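Asks: Sequence:
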Amino acid sequence: MIILGSTGSIGVNTLNIARKFNLNVEVLVAGRNIEVLNKQIEEFKPKKVVIANKVDIPKVNHRDVSFGEDEILNAIENSKSQTVVNALVGFLGLKPTLKAIECNKKIALANKESLVVAGKFIDQSKLSPIDSEHFGLWYLLQDKAIDSMTVTASGGSFRDYPLEDLANVSIKEALNHPNWSMGNKITIDSATMTNKVFELMEAAWLFDIRKLDAIIETKSLIHAMINFKDGSTTAHIANASMQLPIAYAILGKCDEEVLKPVDLLEVGSLEFKKIETSRYHIWEAKDDIVNNLDLGVVLNAANEVGVAKFLDSQIGFLDVSKISLNALNKFNNIKINTLDDIFAIDKEVRSYCGS
Numbered sequence: 216m217i218i219l220g221s222t223g224s225i226g227v228n229t230l231n232i233a234r235k236f237n238l239n240v241e242v243l244v245a246g247r248n249i250e251v252l253n254k255q256i257e258e259f260k261p262k263k264v265v266i267a268n269k270v271d272i273p274k275v276n277h278r279d280v281s282f283g284e285d286e287i288l289n290a291i292e293n294s295k296s297q298t299v300v301n302a303l304v305g306f307l308g309l310k311p312t313l314k315a316i317e318c319n320k321k322i323a324l325a326n327k328e329s330l331v332v333a334g335k336f337i338d339q340s341k342l343s344p345i346d347s348e349h350f351g352l353w354y355l356l357q358d359k360a361i362d363s364m365t366v367t368a369s370g371g372s373f374r375d376y377p378l379e380d381l382a383n384v385s386i387k388e389a390l391n392h393p394n395w396s397m398g399n400k401i402t403i404d405s406a407t408m409t410n411k412v413f414e415l416m417e418a419a420w421l422f423d424i425r426k427l428d429a430i431i432e433t434k435s436l437i438h439a440m441i442n443f444k445d446g447s448t449t450a451h452i453a454n455a456s457m458q459l460p461i462a463y464a465i466l467g468k469c470d471e472e473v474l475k476p477v478d479l480l481e482v483g484s485l486e487f488k489k490i491e492t493s494r495y496h497i498w499e500a501k502d503d504i505v506n507n508l509d510l511g512v513v514l515n516a517a518n519e520v521g522v523a524k525f526l527d528s529q530i531g532f533l534d535v536s537k538i539s540l541n542a543l544n545k546f547n548n549i550k551i552n553t554l555d556d557i558f559a560i561d562k563e564v565r566s567y568c569g570s
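Throughout, our numbering is defined as the position within the sequence shown, counted from one, plus 215.
Among the hints, a few may not be true.
[What the hints assert, rightly or not] No more than 30 Å apart at the CA atoms, straight line, and that leaves these computed lysine-lysine pairs for DSS-like:
hint	residue 1	residue 2
1	Lys359	Lys434
2	Lys274	Lys400
3	Lys263	Lys321
4	Lys444	Lys501
5	Lys434	Lys475
6	Lys434	Lys400
7	Lys321	Lys468
8	Lys537	Lys434
9	Lys400	Lys550
10	Lys468	Lys489
11	Lys314	Lys550
12	Lys537	Lys310
13	Lys310	Lys269
14	Lys524	Lys269
[Said to hold, decoys possible] Quick list of the computed label-pair ranges, beta carbon to beta carbon:
hint	residue 1	residue 2	range
15	Glu286	Ser447	13 to 23 Å
16	Leu479	Asn442	13 to 23 Å
17	Ser340	Lys262	39 to 49 Å
18	Leu479	Glu250	37 to 47 Å
19	Asp338	Gly283	42 to 52 Å
20	Asn239	Tyr376	39 to 49 Å
21	Lys426	Pro273	48 to 58 Å
Because the hints were derived from the structure by calculation, they are not lab data.
Given the structure is predicted, the values throughout are model-derived calculations rather than measurements.
Note that beta-carbon positions come from the ideal geometry of N, C-alpha and C, so glycine has one too.
Let the hints inform the model, and build the full structure from the sequences given.
Replies: Structure follows, in structure tokens:
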């Protein structure tokens, strides 16, 4: 297989699955974490390596190293592997997803932004989502009439902070997730709840449904629920580990233990909370976005600008959602008819947001 984003948390977990099931890794694509990449190269011996920056090539312990977005696309096109794990972060992940589909390869998709901005142009039959929420929904599907779907959220870094303190929180506080350690951008997206808006959009594309919502479950043990028209609900419960959805996305099925079962007696109790717009300002736009999925291009571009500015200490935490809401208001009538429209609108939104 090809792993895009091999040194991030999804990439590392994918390699754990490759190790467990003795899977061949043909291509590794990574950013700037060359130390971890070299360890991966030593163990998995890929034929090809692609990195982000030319300046880092001499540091990589491999005879076939190239750099940049075009080389990622070339690696997908020229490889024999039939599975591409796309764990790249942000808009950067879209072209590799489209290239993998063009090459008739199977995509294990952790890059949310691909579906968020271009769901209408992506053949969902070619992909399996690497996301505990969408994996949970897929796992629960039955041949029964569905009323609605619900995914859960951890609540992020500031779920218990006093509201009056949110304007002045630090970058360090924002990156201190209560339940797990992830990359910087997704941790900020979790804190603003933008990540959960993205996941609702993904679910809309994956399951062709618009009756979608999310609630906070603070222990991150329930990942998804399907509410049936007969009044019953089923829930997917599992310990928080991406290795289970990764294993299914790559292998198609998994009949041996990948993670430890949840001991409900040990858990004792679960806590559920409503996602309040007073704490998560982006949530006020949730229904408009789910009912007009073209707005995903706007939200993604504006959010990427806002998160980058916050992590660069240019704006406060609450300004991240403010930038997104302003952009959604400005571009609320957009219509996406072609892939070219996506790239043009993305550029226009970034310019409007001051990237």
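Asks: Taking only the CA atoms, is the gap from Lys434 to Lys475 under or equal to 30 Å?
Replies: With Cα atoms ~15 Å apart, Lys434 and Lys475 stay inside 30 Å; holds.
Asks: Is it true that the CA of Lys359 sits at most 30 Å from the CA of Lys434?
Replies: holds (29 Å)
Asks: Could you check the hint for me, namely that Leu479 and Asn442 are 13 to 23 Å apart, CB to CB?
Replies: holds (21 Å)
Asks: Decide if the proposed pair is consistent with the structure: Lys537 and Lys434, CA atoms, cutoff 30 Å inclusive.
Replies: holds (28 Å)
Asks: Falls inside 48 to 58 Å, the C-beta gap from Lys426 to Pro273?
Replies: Cβ of Lys426 to Cβ of Pro273: about 54 Å, so the range 48 to 58 Å holds.
Asks: Take the C-alpha atoms of Lys400 and Lys550, compute the straight-line distance between them, and say whether it is at most 30 Å.
Replies: holds (27 Å)
Asks: Given the hinted pair Lys434 and Lys400, is their alpha-carbon gap at most 30 Å?
Replies: Holds. Lys434 to Lys400 sits at ~21 Å (cutoff 30 Å).
Asks: Could you grab the alpha-carbon distance between Lys524 and Lys269 and see if it respects the 30 Å cut-off?
Replies: holds (25 Å)
Asks: Taking 30 Å as the top limit, are the C-alpha atoms of Lys314 and Lys550 close enough?
Replies: Measuring from Cα to Cα gives roughly 23 Å; hence the hint holds.
Asks: Verify the CB-CB distance for Leu479 and Glu250 against the hinted window 37 to 47 Å.
Replies: holds (40 Å)
Asks: Check the hint pairing Lys263 with Lys321 against an upper bound of 30 Å on the C-alpha distance.
Replies: Measuring from Cα to Cα gives roughly 19 Å; hence the hint holds.
Asks: Can you let me know if the beta-carbon spacing of Asp338 and Gly283 is within 42 to 52 Å?
Replies: violated (26 Å)
In summary, the numbered hints that this structure violates are 10, 15, 17 and 19.
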